[in-house]
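S.K.: Sequence:
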Amino acid sequence: VPPLTSHLGSLEVVVLRGCWTSLAGACQRPPLRQALATSSVAATVAVVVATALRRGRRHGWSRTNRRVCSLAAVGGEGASANAGDDIGRRSVFALAATAAAASGADAYLRASDERYSFSLLAPSLFKETLRTELVPGLIWGFEQVIAFQTVSANIRMTVVRLRNGKLWVSGPLAPTRQLLRLLNELGEVAHLVVAGTALEHKVSLAEFHRIYPKASVWVAPGQNATLADVNIGPVDGVLGQSAQRPPWQEEIDFQVFYVAPPETQGTYSEVAFFHRVSKTLLATDAVLKVPLSPPPILSSYGYDGTPCELSREQWQYKFIAFNFLNMRGANEADLAALAQPSAVVSPLLRFTLYPICQSAASAWVKEISAWPFERVVAAHLDSPFPLRPNEFLKAFGFLFDRQSSWEPAPGQLTQLYKLSEQLDGPAALESSIWKAAAGAV
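Just so we're aligned: 1034 in the numbering used here is position 249 of the sequence shown, and the numbers increase by one with no gaps anywhere.
Among the hints, erroneous ones may be present.
As the list claims (entries may be wrong) - Straight-line C-alpha distance at most 27 Å; calculated DSS-like pairs for lysine-lysine:
#1 Lys-1151 with Lys-1064
#2 Lys-1064 with Lys-1074
#3 Lys-1179 with Lys-1064
Honestly, the hints are just simulated from the structure, not real lab data.
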């Protein structure tokens, strides 16, 4: 009903869309879990709708609009405005009852399946977690899947054991019982870190902090930039902006990349870290190592949500669609070209972000290359992978008007060109980054 939907925020619309994805996933479960998962989703819808109702009242939702709802629901010109009030009250009570029932469903699912954790990111209800020791005794990766229909990717939470034996956790993932069990086996969580502004790397921070309330919380700048941004909860400091130093900085150094309006249309940040003892660069999205075969965790989601091993053709499709938004009919060759270099920069970032902040990005890359790292742990795809500072600079050659470790082929950038123009305006297309890639559009 327009009077209701007009008071839905953009984040609430995203949540409702996520609920639809959750329902689709629930249908793949046994009957009892279908019912419980459905009620959990209904509870979320209840909260969103009730919030919109309250917001409508606060913003002067008039009796006339309530009468429109009443007429639509009751179906008569003679229905009174008071009937609209009654329907609104009954709806809220019914939704509250659904929420109460769903609370029990949530508790049951959490107790019965250690992979359960409701999340804004699909798959919303059940997420497998894979723990891998990346640097013996020092660094571990925890992987889950993020997905949108047939396009899915692995996402990695990085855990470092400090000299005192306590844990530094970057990019908290959905805190399923399975993930928490695997994490607690390693030691005490002392520090939580969000290394960027991307939703997928911070959406679970607040819940993680409730589970580990004694942990310090440090975040990249640019959080809560819009009203639709996810609430990350209280923090102890903002990296690069707080006067005090993080208590772990002697062991893990950092460099901050941060851009915001008016330089860019939106806000973006990423913090790179250097673990001194292991000489490891800890990145989020900055550089990636593309594998020819799919990351093992993707089999927990399969091609379209049904767990199964992916074929190479399916993996090629997923990766190309995720990074280029379109195909040019050469998936195998395109993936092979991206997998060949020691490291590459995500085409999405290279062509839709860096053209409008080339100077800031190049300064950040130079600062990172001053660290004597020998390997990289990234938040996606393969990790760890060997990489030296000169190879890191080679991946970012486009920032310095030089050839990069990977260059696009004709027809690869059609959709990214359109997206860059939509997001950043015609000025972005005049950058040296786009001019050098003109033949690939």
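S.K.: Would you mind marking each hint as holding or not holding in the structure?
M.R.: So, going through the hints one by one against the coordinates:
A distance of roughly 17 Å separates the Cα atoms of Lys-1151 and Lys-1064; the hinted pair therefore holds under the 27 Å criterion. Between Lys-1064 and Lys-1074, the direct Cα distance comes to roughly 18 Å. Compliance with the 27 Å bound is thereby established for this hinted pair. Between Lys-1179 and Lys-1064 the CA atoms are separated by roughly 19 Å; this keeps the pair inside 27 Å, and the hint holds.
Against the hints set out earlier in the document, no violation occurs for any number.
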